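Here the structure of chain A is known, so what remains is to put chain B in place on it, guided by the hints.
Protein chains: 2
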Amino acid sequence: MTNSKEKTNSDISDEIESANEEAVNRVNKGKAVLVDFAPAKKVIPGMKDDLILHAGPPIEYKDMIPAMKVAVQGVLILENRAKNLEEADKLASSGEIEFRPNHEFSSAAPMGGVTSASMYVAVVENESFDNKAYCNLHEGRGKILRFGGYSDEIIERLRWMNDILGPSLSKAVKRKPIDLKVITSKALAMGDEFHQRFIASSLLFLKEILDPLLDTEAGAEGVDFIAEREQFFLNLAMPAAKALIDPADGIDYSTVVTRLTRNGVGYGIGVSGLKGEWFVGPAEIPKGLYFPGYSEEDAEHDFGDSAITETIGLGGYASAAAPAVTRFVGGTVKDANQMTMDGYKVSVSESRDFLIPNLNFRGTPLGIDIIKVNQTGLVPKSNTGIGGKVPGVGQVGAGISRAPIEAFRDALRAYAKKYGI
Amino acid sequence: MTNSKEKTNSDISDEIESANEEAVNRVNKGKAVLVDFAPAKKVIPGMKDDLILHAGPPIEYKDMIPAMKVAVQGVLILENRAKNLEEADKLASSGEIEFRPNHEFSSAAPMGGVTSASMYVAVVENESFDNKAYCNLHEGRGKILRFGGYSDEIIERLRWMNDILGPSLSKAVKRKPIDLKVITSKALAMGDEFHQRFIASSLLFLKEILDPLLDTEAGAEGVDFIAEREQFFLNLAMPAAKALIDPADGIDYSTVVTRLTRNGVGYGIGVSGLKGEWFVGPAEIPKGLYFPGYSEEDAEHDFGDSAITETIGLGGYASAAAPAVTRFVGGTVKDANQMTMDGYKVSVSESRDFLIPNLNFRGTPLGIDIIKVNQTGLVPKSNTGIGGKVPGVGQVGAGISRAPIEAFRDALRAYAKKYGI
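These protein sequence lines map, in sequence, to chains A and B.
First residue of the first sequence? That's 1 in the numbering used here, and the numbers climb one at a time after it.
First residue of the second sequence? That's 1 in the numbering used here, and the numbers climb one at a time after it.
In case anyone wonders, no lab produced these hints; they're calculated from the structure.
Be aware that one or more of the hints could be misleading.
Straight-line alpha carbon distances no greater than 20 Å define the calculated EDC-like cross-link-like pairs of lysine to aspartate or glutamate that follow [said to hold, decoys possible]:
| hint | chain 1 | residue 1 | chain 2 | residue 2 |
| --- | --- | --- | --- | --- |
| 1 | A | Lys186 | B | Glu228 |
| 2 | A | Lys186 | B | Glu230 |
| 3 | B | Lys186 | A | Glu230 |
| 4 | A | Lys48 | A | Glu79 |
| 5 | B | Lys176 | A | Asp224 |
These numbers were taken from a predicted model, which means no experiment stands behind them.
Excised from the complex, chain A in its bound form (with noise of 0.2 Å):
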């Protein structure tokens, strides 16, 4: 090794490091405030009739996972442009539907996170840099369309929260923008991590919505809707996740990770100095818990876009803060605990708002650094829904996905050729 050799290393180390401080610092700086619901087609900038979004990294409609597919036949006719799930496949497979992903239009959505045109979506906004972000509507558990669920009780459902649901929410967030980093930083000291477990934060949104939502058309049928889905605010900490990480992203000479996401064939990942390259590795089926009646054998790969969640230090770098999600993941307290301690050893530094009591009040690990995951082999890890290989199943369990080792390999290797290291 020549010293030229090591200064020029020092030097971009320097670098990474300043660019690295610049990324984490804008996702500590960031609000994340929801204003308004409108269909995706009026407010996220792309959207268009014929266009669908999807969860994961980029995929065509014929490689797509079954649950994905039929929720993709689900919205064509929720749209009207189908009258059944044949006519919808049909039209899919035509080429005259485009297919991208929700992470490429400031979006980012649960399993499947098929949004189309008209569906209503929430939109939140970073007032701190002046970006928003979407996702769509919170359906519930069960037979739902997130998970590949079809039936007319389904599409009735979607239509009821398109024509009456979501333009009482608007209203009512108009009325009262709802600050969405202030209920996760209270809802963290309530067993929330983010992920998995909503429960604190779902009751914190409903009391503050609660006033200004009785007074619209949905009336005290909408607050019960909200009342009843204890996963209801995972709707809502993606898009605010989304907004928070955006502008981390494209900062020359960053190594931080700013999208992580899964389609149900490929796990994305997405790099702050490599900005719109997508580094995609193998999804794992997650180990977990399942429900009465189901095995591994009836598990889909994993999916949805709630990985975003763990790019701004909630999901499995939480999980300290929420012993209680192993009674839905499976493992021990330990684990739980050491998936936050692991999220340190990768991370460049620790939030400034989001705060774990069990660790004295420490921040979560925030900003996944891909030079670290690549020294230690810690990959990011989520505590997430398992949903059902066969679509209209729904969801059949709950446990840990782990993001591949491969998409980090890439990335690092792309990163070198671009930086010259």
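Okay, now just chain B, sitting in the frame of chain A:
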């Protein structure tokens, strides 16, 4: 030591062990279902117009702390027995009004705990043992009667609670009785410890009561009233605890504590095997954190029945489940854990229902044993509100209060005398 004496001691020790086992089994077996709200006189056996109930062990009006005195005066005005504080003071001093502890009327209420005939109380039924317990309604924080506040606004609010809220809550829970033990178990995994922190349980209760309450006269106003009060569940957790501990009282030979309560002068305890007897030591000023502008000089000595929660394994003994409570009462997360650990050293058993996720879902310490408290000196501790010395000031802070060892010494002496050890 002779052989015969050894045998006697061992016999008694067996009696104690089985009596204590019976006591904690009864708590574990108990249910606590919120079944009604009604005026005190209509539901509390023995309640009448000329009787006022108060927190803590027995005390005469003239010896009460100022905050409790003003609360007594306030309820006499509420009952239309006096027009102003002076008239009320005169009436209270006249001998016409009887003053008795809540605890002797199957009741427990926070701070002053002052309850008069027409005031609405929650009715909690222990279905396993067919007993009931009662507590007045939660007013909120700040300037309120239970902290000795007095103003037209306070009386007006209490009248609304009697006229509108109480009857509406009655209708709502009659339509939908609510299992308070289930809410308590859930909220323990969400950072409540049930003496100071009730954020999760109040929200979980809100979620349950929402739908039936919207259908009553109180309607949205009633729902908002609950939603705005982070400690609303305090006045439900206390009668739930009373309903659960009462069946454990009066078991011969049992050394389990069935009463822990303060009136600002004395801190009284009761023991299962010594039913009905009070053992009283001095009430101390809690050590803790003061709200801006206040210090220990402004603080009243510890008052309120809320330490009833410690008798069933909540409050201080559940602190390990609620590390965030240290933000209110001072101290560190380690201190909060220590309070639970100390609880195990002086308790007969562990709760079957109240589990602490952080401790691998270990049950909270259950059944405080006066023998163990005397042996170790580890008196029960509570996370508690600190009331202002000057009535009307309301809450000035929150901290940790300790039960007086003197009361435990006296209890053990009385026990030894009664059972001949």
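In ascending order, which of the hints set out earlier in this document are inconsistent with the structure?
none
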